[in-house]
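S.K.: Going line by line, the protein sequences match chains A and B.
Counted the way my numbering counts, the first sequence spans residues 1 to 343.
Counted the way my numbering counts, the second sequence spans residues 344 to 686.
Quick caveat, the hints were computed from the structure, so don't treat them as lab data.
Incorrect hints may have been included.
[What the hints assert, rightly or not] Residues of chain B clear of chain A, computed beta-carbon distances all greater than 10 Å: (1) 345; (2) 347; (3) 394; (4) 402; (5) 491; (6) 555; (7) 570; (8) 624; (9) 630; (10) 633; (11) 679.
[To be verified] DSSO-like mimics (lysine-lysine), calculated; alpha carbons at most 30 Å apart, straight line: (12) B/543 with A/296; (13) B/639 with A/296; (14) B/668 with B/630; (15) A/7 with A/287; (16) B/661 with A/209; (17) B/543 with B/357; (18) A/209 with A/14; (19) B/661 with B/350; (20) A/200 with A/296; (21) A/325 with A/287; (22) A/287 with B/350; (23) B/350 with A/200; (24) A/287 with A/51; (25) B/524 with A/287; (26) B/524 with A/181; (27) A/14 with A/59; (28) A/287 with B/661; (29) A/200 with A/287; (30) A/209 with B/630; (31) A/51 with A/296; (32) B/639 with A/200; (33) A/287 with A/188.
[Unchecked claim] Simulated restraints, written as ranges between beta carbons of each label pair: (34) A/294 with B/552: 22 to 32 Å; (35) A/288 with B/552: 32 to 42 Å; (36) A/57 with B/661: 37 to 47 Å; (37) A/19 with B/547: 47 to 57 Å; (38) B/552 with A/183: 25 to 35 Å; (39) A/96 with B/410: 20 to 30 Å; (40) A/318 with B/439: 36 to 46 Å.
For clarity, every value in this text was computed on a predicted model and none was experimentally measured.
In this text, a Cβ means the ideal position worked out from N, Cα and C, and glycines have one as well.
There are 2 protein chains.
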Amino acid sequence: MAGELRKIGSEIFKAAGVPEDEANLVSDFLVKANLDGHDSHGVIRIPQYVKEIEEGRIKPRAEFRIIRETATSALIDGNWGFGQVVAERAMRIAIEKARAYTVGIVSVRNCNHVGRLFDYTVMAAEEGMIGLAFVNSPKIVAPYGGIDRKLGTCPISLAFPAGENFPIVIDMATSVCAEGKVRVALHKGMRLPYRCIVDKWGRLSDDPKDLYDGGALLPFGGEVGYKGFGLALSAEILGGILSGTGFSSSERFRGGNGVFMEVINVDGFMDADEFRREVDNLIRAVKSSRVMHGFKEIIIPGEIEFRTRVRRVREGIKLPDETWKRIVETARRLGLDIKSLLK
Amino acid sequence: MAGELRKIGSEIFKAAGVPEDEANLVSDFLVKANLDGHDSHGVIRIPQYVKEIEEGRIKPRAEFRIIRETATSALIDGNWGFGQVVAERAMRIAIEKARAYTVGIVSVRNCNHVGRLFDYTVMAAEEGMIGLAFVNSPKIVAPYGGIDRKLGTCPISLAFPAGENFPIVIDMATSVCAEGKVRVALHKGMRLPYRCIVDKWGRLSDDPKDLYDGGALLPFGGEVGYKGFGLALSAEILGGILSGTGFSSSERFRGGNGVFMEVINVDGFMDADEFRREVDNLIRAVKSSRVMHGFKEIIIPGEIEFRTRVRRVREGIKLPDETWKRIVETARRLGLDIKSLLK
Numbered sequence: 001m002a003g004e005l006r007k008i009g010s011e012i013f014k015a016a017g018v019p020e021d022e023a024n025l026v027s028d029f030l031v032k033a034n035l036d037g038h039d040s041h042g043v044i045r046i047p048q049y050v051k052e053i054e055e056g057r058i059k060p061r062a063e064f065r066i067i068r069e070t071a072t073s074a075l076i077d078g079n080w081g082f083g084q085v086v087a088e089r090a091m092r093i094a095i096e097k098a099r100a101y102t103v104g105i106v107s108v109r110n111c112n113h114v115g116r117l118f119d120y121t122v123m124a125a126e127e128g129m130i131g132l133a134f135v136n137s138p139k140i141v142a143p144y145g146g147i148d149r150k151l152g153t154c155p156i157s158l159a160f161p162a163g164e165n166f167p168i169v170i171d172m173a174t175s176v177c178a179e180g181k182v183r184v185a186l187h188k189g190m191r192l193p194y195r196c197i198v199d200k201w202g203r204l205s206d207d208p209k210d211l212y213d214g215g216a217l218l219p220f221g222g223e224v225g226y227k228g229f230g231l232a233l234s235a236e237i238l239g240g241i242l243s244g245t246g247f248s249s250s251e252r253f254r255g256g257n258g259v260f261m262e263v264i265n266v267d268g269f270m271d272a273d274e275f276r277r278e279v280d281n282l283i284r285a286v287k288s289s290r291v292m293h294g295f296k297e298i299i300i301p302g303e304i305e306f307r308t309r310v311r312r313v314r315e316g317i318k319l320p321d322e323t324w325k326r327i328v329e330t331a332r333r334l335g336l337d338i339k340s341l342l343k
Numbered sequence: 344m345a346g347e348l349r350k351i352g353s354e355i356f357k358a359a360g361v362p363e364d365e366a367n368l369v370s371d372f373l374v375k376a377n378l379d380g381h382d383s384h385g386v387i388r389i390p391q392y393v394k395e396i397e398e399g400r401i402k403p404r405a406e407f408r409i410i411r412e413t414a415t416s417a418l419i420d421g422n423w424g425f426g427q428v429v430a431e432r433a434m435r436i437a438i439e440k441a442r443a444y445t446v447g448i449v450s451v452r453n454c455n456h457v458g459r460l461f462d463y464t465v466m467a468a469e470e471g472m473i474g475l476a477f478v479n480s481p482k483i484v485a486p487y488g489g490i491d492r493k494l495g496t497c498p499i500s501l502a503f504p505a506g507e508n509f510p511i512v513i514d515m516a517t518s519v520c521a522e523g524k525v526r527v528a529l530h531k532g533m534r535l536p537y538r539c540i541v542d543k544w545g546r547l548s549d550d551p552k553d554l555y556d557g558g559a560l561l562p563f564g565g566e567v568g569y570k571g572f573g574l575a576l577s578a579e580i581l582g583g584i585l586s587g588t589g590f591s592s593s594e595r596f597r598g599g600n601g602v603f604m605e606v607i608n609v610d611g612f613m614d615a616d617e618f619r620r621e622v623d624n625l626i627r628a629v630k631s632s633r634v635m636h637g638f639k640e641i642i643i644p645g646e647i648e649f650r651t652r653v654r655r656v657r658e659g660i661k662l663p664d665e666t667w668k669r670i671v672e673t674a675r676r677l678g679l680d681i682k683s684l685l686k
C-alpha cells in the first residue's frame, strides 16, 4: 500500500544520507505520482536518485538561498538540492506572497529535476488559489520547422480550485510527448502512436530508436506546431532565462530544471467560494457536450489523476517486478532489509 | 499609407460620436494590425464598429471603473466601451503596478472585442517587461473528444523584450485556427488546409460551411488536443470566471472578451539588459537549427509581424477593393468625404 511504499522510500533515502524531512517529502511526492497513475515519475526513480546522491549531483541538506526578494517575488538558488525539496519550499513562498499581495512569483536556479509540476501547482489550488508553472529542461526538442535539439520538453502547468469537483490541473510537456514516453516505447519494443519525432536527418518518425540516434522531439500542435514552439520558448525564457538557469541550449545551462512558479489569490478579484462554484459550473457545462466517435465522455485535465488516486488508495499500487527488484537491491546495498521495514 | 488610413479611421469614428482620443487609439490599433499583416483585425473592422456603436453595443465615452484594487491587481468594469480603449488602459495599469511591485495583474469585465492580444502584451515588452494575456470569447470550440460548442477560441499571448531583435510575441488561438480564418475560407469558396472543424454530427471536416451549419472548431494539438483544450479551459477561467465575465457557455456571458492580463518586471529577478541579451542568444540558438524539408528557416513568434511591418511602413498597405468600398460607404453615410480627408 501507499503508506508502506512511502516508508520504504523514506528509509532508503535516509540510509543514503538524506535528512528525515527531505527523505519524507521526496518519498511522498514519488508515491503520490504512483497513486495518480504516473508511474514514470514514481518510486521507479528511487534507485536513480540514490545514484545521483552518490555521484554528488543531488546534494541533500543543500542551502536554500533567496538571492533577490520583493514583496511579490523571490529568486532562489537551490544549490542542487533535491528538486522536489527546493520546488516545494519555493511554492510555499509563492503561496504566502500571494496570500499577502494577491500574487507571488518564485524563480529557481541550480535546481535538480523537480518531478511533476502537477505537485506544485495543485498546492496553490488546495489553498483555494491559482497555480502556474513554466519550467525548462535539457534540450531534446526541435523548433517548429527545425530538426536539431534546441529546446527542452519545457512543461507548463496551471491549476484551479473547484468546489465539489477535483481541482482542474493542466500539466503538459510542450513537445508532442514527454521524453519518458518515448523511452517506455523503446523498452517495450513498440512504435510510437504517431509520428512525434524526427530522425537525425529530419524525417518524421514513429520509431523511438530514432530519437536516441540523434533525433529530436517535435513541439506539439501538428500543423500548427508553431503554437507548441511558442509555449516552449516561453518556458525557456520564464523558467530558464529569468531564473539565471539559462535556456537549455546555452552554455550556462547545467541540467535539471529552471523553474518559474506563480500563485494568484482569487480573493483579489472575487469571492473565493463563488469562484469555485463557477469552476464547477464550467466543468459541468463542458462535460455536457456530445462526444465524438471513439470517446466515451469529456475528461477534464486532472480528472484521470483524481480517479486513479481514489482507486489506488483503496486497491494499492502494483509495481512491475523489475521496478520492485531494483528498489530492493538499492535498499540492500545501503544495508537495509526491506522485509523488516514492512513489519 | 498608414498615416492616411489612420486619419480616415479616426475621422469616421469621430463622426460616429467617438471622442477624439478613443477614435485615434482604435484607428491606430486597426492600422497596426494591417501593418503587421493581420488584415482580418485591421481597418476592415471600421464599418463593423460603426454599426456596433449605432446599435449601442459599443459605448464611446464609457466609464472605466476599477471595482476592486490591490497594490498588484485591479478588477475593471469596462462598461462596454471600445475593447481596445478599455484593454489599453488596463494594460497601462498592469505595467505601472509591475514597475512598482514586480508584477501587476488586471482583470476586465463588460469589455467588447479587444482585437489582437499582441497589441497589449507587446506594450509590456516595449517597456522591457514580460506581458501575458488570457482571454475568453464567445463559444464556438468543442472540448477535446466533444462535438458541441462549449468554449471560446480563447487566445493567449506572451511577449518578451529582446535586445537587438524584435520582441518575441506569441499570440495564438487555443483552437486549431481562429474563427476568422474559417470565415475567410468560406468567402473565398475554399477548403480549409486541414480538418480543424467538426460538422454538427461530429465528423471531422475541412469544409468551412460545416462550421456555420452547427459545427464547432477543435482545440489545437491534433492527437494531443487535450493540451489545447487545457489551455482553453485556463483562458475561460482566468479571462472569463476571474473577471466576473463568466465562462463563454455560462448564462452570465454576454459577448465580447473576458480579459486577464499580467505584467512581470524583469528587474525583480535580474538585470534587464542581461535578460534582453539572453533572449537574443535564445533567438540565435534556435535559428541555428537545420530546417525540415519544406521550410526555409526557423521563424520566431512575432518575426513575421515585425518583417511585414517594416515592409508595409515603406510600401504602404494594399486593401482589397471590397474593404475600401465599405469604408468609403460608411464615411459617406456619416457625412464625410474621404477625398477631402486625404488632402
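S.K.: Take the hints in turn and mark each one as holding or not.
M.R.: The hints, checked one at a time:
1. The Cβ of residue 345 of chain B lies farther than 10 Å from every Cβ of chain A, with a closest approach of about 27 Å, so its non-interface assignment holds.
2. Distance to chain A confirms residue 347 of chain B as a non-interface residue, since its nearest Cβ pair spans about 33 Å, more than 10 Å.
3. With a least beta-carbon separation of about 30 Å from chain A, residue 394 of chain B lies farther than 10 Å from that chain, consistent with its non-interface assignment.
4. With 10 Å as the threshold on Cβ separation, the claim that residue 402 of chain B sits away from chain A holds: the shortest Cβ distance comes to roughly 23 Å.
5. Remark: the non-interface label on residue 491 of chain B conflicts with the geometry, its nearest Cβ contact in chain A lying 4 Å away (cut-off 10 Å).
6. Non-interface call for residue 555 of chain B relative to chain A: holds, since the shortest CB-CB distance, roughly 18 Å, exceeds 10 Å.
7. Not every CB of chain A lies more than 10 Å from the CB of residue 570 of chain B, the least distance being 5 Å, so the non-interface label is violated.
8. A beta-carbon of chain A is positioned within 10 Å of the beta-carbon of residue 624 of chain B; the least distance is around 6 Å.
9. Its closest Cβ contact with chain A, about 8 Å, brings residue 630 of chain B to no more than 10 Å, contrary to its assignment away from the interface.
10. Chain A draws residue 633 of chain B into its interface by the beta-carbon criterion, the shortest separation being 5 Å against a cut-off of 10 Å.
11. Every CB of chain A is more than 10 Å from the CB of residue 679 of chain B (nearest about 41 Å), matching its label as outside the interface.
12. Simply put, residue 543 of chain B and residue 296 of chain A have alpha-carbon atoms about 18 Å apart, close enough for the 30 Å limit, and the pair holds.
13. Of the supplied pair hints, the one linking residue 639 of chain B and residue 296 of chain A is violated, its CA atoms being roughly 42 Å apart against a limit of 30 Å.
14. About 42 Å separates the Cα atoms of residue 668 of chain B and residue 630 of chain B, which puts this hinted pair outside 30 Å; it is violated.
15. Between residue 7 of chain A and residue 287 of chain A, the direct Cα distance comes to roughly 39 Å. Violation of the 30 Å bound is thereby established for this hinted pair.
16. The straight-line distance between the Cα atoms of residue 661 of chain B and residue 209 of chain A is roughly 50 Å, outside the 30 Å bound, and the hint therefore fails.
17. For a cut-off of 30 Å, the pair hint linking residue 543 of chain B to residue 357 of chain B is broken: about 42 Å separates their Cα positions.
18. The suggested pairing of residue 209 of chain A with residue 14 of chain A is violated, with an alpha-carbon distance near 37 Å, which exceeds 30 Å.
19. For the hint pairing residue 661 of chain B with residue 350 of chain B, the CA-to-CA distance comes to about 16 Å; that is within 30 Å, so the pair holds.
20. Only pairs whose Cα atoms come within 30 Å are accepted, and residue 200 of chain A paired with residue 296 of chain A is rejected, the gap being roughly 38 Å.
21. For a cut-off of 30 Å, the pair hint linking residue 325 of chain A to residue 287 of chain A is broken: about 42 Å separates their Cα positions.
22. With a CA separation close to 48 Å, the supplied pair residue 287 of chain A and residue 350 of chain B exceeds the 30 Å bound.
23. The hinted pair formed by residue 350 of chain B and residue 200 of chain A fails the criterion: a straight-line CA distance of about 53 Å is larger than 30 Å.
24. With a CA separation close to 45 Å, the supplied pair residue 287 of chain A and residue 51 of chain A exceeds the 30 Å bound.
25. Our distance criterion of 30 Å between C-alpha atoms is met by residue 524 of chain B and residue 287 of chain A, whose separation comes to about 27 Å.
26. For the hint pairing residue 524 of chain B with residue 181 of chain A, the CA-to-CA distance comes to about 34 Å; that exceeds 30 Å, so the pair is violated.
27. Proposed proximity of residue 14 of chain A and residue 59 of chain A is supported: the alpha carbons are some 13 Å apart, at most 30 Å.
28. Our distance criterion of 30 Å between C-alpha atoms is broken by residue 287 of chain A and residue 661 of chain B, whose separation comes to about 45 Å.
29. This hinted pair does not check out: residue 200 of chain A and residue 287 of chain A have alpha carbons roughly 42 Å apart, beyond 30 Å.
30. Under the criterion of a C-alpha separation no larger than 30 Å, the hint pairing residue 209 of chain A with residue 630 of chain B is consistent with the structure, at around 26 Å.
31. Of the supplied pair hints, the one linking residue 51 of chain A and residue 296 of chain A is violated, its CA atoms being roughly 43 Å apart against a limit of 30 Å.
32. A hinted pair counts as satisfied when its Cα atoms are at most 30 Å apart, and residue 639 of chain B with residue 200 of chain A qualifies at roughly 18 Å.
33. The suggested pairing of residue 287 of chain A with residue 188 of chain A is violated, with an alpha-carbon distance near 35 Å, which exceeds 30 Å.
34. Here the CB-CB span from residue 294 of chain A to residue 552 of chain B is close to 24 Å, well matched to the stated 22 to 32 Å.
35. Distance hint for residue 288 of chain A and residue 552 of chain B: a CB-CB separation of about 26 Å, inconsistent with the stated range 32 to 42 Å.
36. Distance hint for residue 57 of chain A and residue 661 of chain B: a CB-CB separation of about 58 Å, inconsistent with the stated range 37 to 47 Å.
37. Checked against the hint of 47 to 57 Å, the C-beta distance between residue 19 of chain A and residue 547 of chain B comes to roughly 55 Å, which is consistent with it.
38. The hinted window of 25 to 35 Å between residue 552 of chain B and residue 183 of chain A is violated, with their beta carbons roughly 44 Å apart.
39. Checking the proposed 20 to 30 Å range against residue 96 of chain A and residue 410 of chain B shows it holds: the Cβ atoms sit about 26 Å from each other.
40. Separated by about 55 Å at the C-beta atoms, residue 318 of chain A and residue 439 of chain B break the suggested range of 36 to 46 Å.
Checked against the numbered hints listed earlier, the structure breaks hints 5, 7, 8, 9, 10, 13, 14, 15, 16, 17, 18, 20, 21, 22, 23, 24, 26, 28, 29, 31, 33, 35, 36, 38, 40; every other hint is satisfied.
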